[in-house]
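Engineer: The task is simple: from the sequences and hints, build the whole structure.
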Amino acid sequence: KNEVEQSPQNLTAQEGEFITINCSYSVGISALHWLQQHPGGGIVSLFMLSSGKKKHGRLIATINIQEKHSSLHITASHPRDSAVYICAFLKTSYDKVIFGPGTSLSVIP
Amino acid sequence: EPEVTQTPSHQVTQMGQEVILRCVPISNHLYFYWYRQILGQKVEFLVSFYNNEISEKSEIFDDQFSVERPDGSNFTLKIRSTKLEDSAMYFCATGGNEQFFGPGTRLTVL
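These protein sequence lines are chains A and B, in that order.
Just so we're aligned, residue 1 is where the first sequence starts under the numbering used here, counting upward by one.
Just so we're aligned, residue 1001 is where the second sequence starts under the numbering used here, counting upward by one.
Careful: at least some of the hints might be erroneous.
[To be verified] Among chain A residues calculated to face chain B with C-beta under 7 Å, some are:
1) 41
2) 42
3) 43
4) 48
5) 94
6) 96
7) 97
8) 99
9) 101
[Stated by the list, open to error] Each pair of labels, with its calculated beta carbon distance range:
10) 15(A) / 1015(B): 17 to 27 Å
11) 1030(B) / 14(A): 42 to 52 Å
12) 54(A) / 1071(B): 32 to 42 Å
13) 1078(B) / 66(A): 41 to 51 Å
14) 1015(B) / 93(A): 36 to 46 Å
Worth flagging that the hints you see were computed from the coordinates, not collected in a lab.
All C-beta atoms, glycine included, are put in the ideal place defined by N, C-alpha and C.
Structural biologist: So, in structure tokens, the structure goes:
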């Protein structure tokens, strides 16, 4: 059984649309990452959160520990947001990161 | 802003050859990790390293693989006798509760 799932698997949006990517996990966690991976392959950490909500520019991440669910929102989406977005977590501090399958986002002008 | 660096960015090797992938962690970090991503698949954990020894390894990390921190700065992943299925992106990460990822090394085994 996968410990972390993401939805949708693939997403195509028009430029300017509000986007939501969801992540559900099945175990207790210490912290959750949202990561971005562009076609070149590098991984960029967007957020690390263990409770509540964080905002950075047009990106917002929320987490509900009780429901074991996190969401990543992108406001006013832009073609440069096209990438794979990965939900990942640590069960305990200093533990390995467990990665979700990723959501492939394509924003069309 | 401090960052994790990896070299080389792309390595092409013949099957059966040994490769060494290098990572320079952020200077005050003490925990180090290697992950890999086979094309089209999700990122998976290989090994974690702390205090000059392996703290955890996955089933993937068999005797073909080894890690070390030879000079107190570089953190290396050695793959002996590479196989075709070792072709993947290899990511180094350092930190702890928040991990910082390097840009990756794309390994192609021919």
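Engineer: If a hint holds in the structure, say so; if it does not, say that too.
Structural biologist: Verification of the supplied hints:
no. : hint                        : result
1   : 41                          : holds, 5 Å
2   : 42                          : holds, 4 Å
3   : 43                          : holds, 4 Å
4   : 48                          : holds, 5 Å
5   : 94                          : holds, 4 Å
6   : 96                          : holds, 4 Å
7   : 97                          : holds, 6 Å
8   : 99                          : holds, 4 Å
9   : 101                         : holds, 5 Å
10  : 15(A) / 1015(B): 17 to 27 Å : violated, 45 Å
11  : 1030(B) / 14(A): 42 to 52 Å : holds, 46 Å
12  : 54(A) / 1071(B): 32 to 42 Å : holds, 37 Å
13  : 1078(B) / 66(A): 41 to 51 Å : holds, 44 Å
14  : 1015(B) / 93(A): 36 to 46 Å : holds, 39 Å
When held up to the earlier numbered hints, the structure conflicts with hint 10 and nothing else.
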